[in-house]
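Protein chains in written order, with the working numbering: chain V, 2 to 769; chain U, -18 to 68.
You may find that some hints are simply not true.
To be verified - Listed next, the in silico DSS-like pairs over lysine-lysine satisfying Cα-Cα at most 25 angstroms (straight line):
hint: 1; chain 1: V; residue 1: K56; chain 2: V; residue 2: K70
hint: 2; chain 1: V; residue 1: K611; chain 2: V; residue 2: K637
hint: 3; chain 1: V; residue 1: K519; chain 2: V; residue 2: K575
hint: 4; chain 1: V; residue 1: K623; chain 2: V; residue 2: K611
hint: 5; chain 1: V; residue 1: K493; chain 2: U; residue 2: K51
hint: 6; chain 1: V; residue 1: K515; chain 2: U; residue 2: K51
Simulated from the structure, these hints should not be mistaken for laboratory data.
Here's the letter readout for the chains.
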Amino acid sequence: MNEIITGWLFDVYPNETNLTIWVIGDDGQRHRFFQDFSVSVYAAGPFPRLRQLWKWLEEQPVQVFLSRKERKDVFRGMVSVLAVDVPQPARLDGLFRAMVSEFPDLTFYDGDISIQLRYAAAFDVFPLARCRVEVQGVKVIKIAPLDTPWDLEPEPAPLRILSVEPDCDPARGTPKAVIIAFGRNKYTLPINHEKKASLFWTVRADIKRFDPDLILTSWGDTWLMPYMVRTSQENGFNLPLNRDESQAVVERKEHTYFSYGQIVYRGRQVQLRGRWHIDRHNAMLWNDYGLEGVLEMARVTRQPVQDAARLSPGTGISSMQFVTALQKGILIPWHKHQAETPKTAMDLLRSDMGGMVYQPTIGLHHDVAGIDFVSMYPGMMVKYNISPEVPRAGNDPSTCSGQRLEPADGESGIVPMTLAPLLNKRLALKSLIMTLPTLDCCRPTYQALASAEKWLLVTCFGYLGYKNARFGRIEAHEAVTAYGREALLRAKEAAEDMDYEILHMYVDGLWVHKEGCKTPADYEALLAEITERTGLPISLDGIYKWVVFLPSRVNERVPVPNRYFGVFQDGSVKVRGIEARRRDTAPFITETQMGVLEILAKAPDADGLKDVLPKAQAFVGKQLTALRKGQVPLEKLLVSQRLTREVGEYSSPSPAARAVKQLQAAGRTVRPGQRVRFLFTHGRPGVQAWDVPQSPDPRTVDLPRYCTLFLRAVETVLAPIQQSVSAALHLDARLGQADTGVRFFKTPTACDLSSDYVQQPLRPSPFP
Amino acid sequence: MGRTLPSVTQVFMQEEAAFARFRRALRRTDQLALDDLFTAARQHLAAAQYASHTLPFETFLLSMLLEEHKEVMRLRQQMDDVLSRQS
């Protein structure tokens, strides 16, 4: 007798013989089922070698079903392959590794695709999908989805969340208690290092009582979970972290890798079975989009939730492509052997370019509209069918005749096919957000979802040009940038034809100004014209009351593309490239710079700046006095920098490297890619690492250095405003108007300050 | 990041560096004027990149000329204004 259950798909993973499937039923029960699921890998190569592989496979202790098949390789067309079906999914990894080392000359496909993605592709399901499961006892007979990852308002699963966090950062000290929260209950549980049993009995009782679906921790991957697992093993406690007690807790090692010109560090991971564990401090972009975003990532990428929380958006977008490929019967190469096609020097010169980045007109501008193409690069990939396997006649869209950029012919490629639903979902979410009132309680949720999707869309462009990406190809990547440049230039031409002044252009956005254009309605005609000429949607990011494009620090006549700040008509501030945006700026300095901007933002328009300027200057004076008197708490002076290589590899150690040496002396290890927090101090080595047990002496803090950094940040925002106000006053004076009474605050330079500083004795800070 | 070709900014800096000996032998006042010319060329790097000319220095020279001509036009306009006010 078959039983039908509806609910949310919670987790899928292989066990010894088949797959374990967890479903949260509509009845509130957490069901564990099993399902038979066979997985396939393919091998291609010379016929005699495939024959040998066939014989070799038949001798292996793993049960396999072998057959000859025709399959599509995106780069090589139809190929004849040996299909290896493995009915025990857990045995695949070992078999595949053995196969590769025994037959390194063959081309393998689909070998390293995770079971969860295969399952998602086979049944069109995804984590937290609403589904209808037909079961016989504990065996799944049939599973079918009731919704799609593209639904805007999926029915939320009733997740039970248990939050466990230590009372302090384990890197900085030894935690003395853990804070446990569940629903409305919250309590602190002391850790008694002699008598560990009490802690474990309580945690065990909580897990048994609440039976959480998600254990949300702080530093759970790096400290809490390993500590609990280790101690419970040493003392023989049975701690039911896994809901599935037949499985062990999965631990993965830390690693460091190089991505987008940066060293990235990924901490150790601890994953549970039948339950999820997410560590807030080891979740990618947790601060950007939180749990809502993580669940959205899992839904759209089909990665298991515990992986989705920890993996980069690049892996996410690859997973989506894999699912598309599996569903369309396209082979996923294990290692890509696709080299760049030969090009002449002239071809290279024409095509090896990025997006168009203009040099802005330096200075303060009033009533400026920022207009952006909506998801430009992914939008173009979908619209113009840019995919590695789609042939392109040439990469220069500027030679396209006709009003619109012509899409490539032929059937949709794998990249556009994967992106289209994601892009449409994001656009739908964005327009939904636009219609909601500012204080609507759903707004943050939708924003988290849109933000998670934004990251996926952003990375998909990079992956198109990444030589190791399975569906990457540099020509496709170049085509995208070529279309981007063309669209931006067409937008510029449209704006200039309509008498707008172009102040700046940056890859997918323009900043334009026209005397008298102050409301969104004034720009509608321009937006329509650009859409007409490019065929791409463009939207008004906002109208700035005023915006300042900053010059380079080295030469004040040379503009830099991405360093500006401005205030929108609604009073919100936008900053790019200035100190406040940098992660290595001390919080106190960021706070001051943003404080100044908030004060300036109160001016009703650019003309009103002269009235708020004295207030901003007074604020700076107050902050500076606090800094010089040592009244700023040390936490606010912390500088955080990334360690870019092993400490021994520095020829002249950076401040971060010197701080790491102190950490190492205190017995801590820091891997490249990790951030180090420190204070600038007097004398050698000039820094004091923060994450060491002893607190630094406030008297040693190098205040003159902080003053220099402080003044530099203040000058960035105040100098252009002062210049423009003084120019305006100068003009007023010439026109014979009365003195407005504004007196300029001369920003003291670093030298005046340090000399005057030396004369004052250092006073100890009242803040330890 | 691995690039097959240097970016236009890199090419510009190489070209500027190639004139270091020339610059050194100039009078200080002339050196400053030369620096101004290079600064002027910098304003149009985006256009120079898009042009992807095989001899980029030609584009830089044209950019310098362009900025010079803008200045001539501005001064001419000012001159006209002054003259018209006098008459």
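Results for each hint:
1. K56(V) / K70(V): Roughly 17 angstroms separates the two Cα atoms, so the pair holds.
2. K611(V) / K637(V): violated, 30 angstroms
3. K519(V) / K575(V): Holds, at roughly 18 angstroms.
4. K623(V) / K611(V): holds, 19 angstroms
5. K493(V) / K51(U): Judged against 25 angstroms, a Cα distance of about 20 angstroms means the pair holds.
6. K515(V) / K51(U): holds, 21 angstroms
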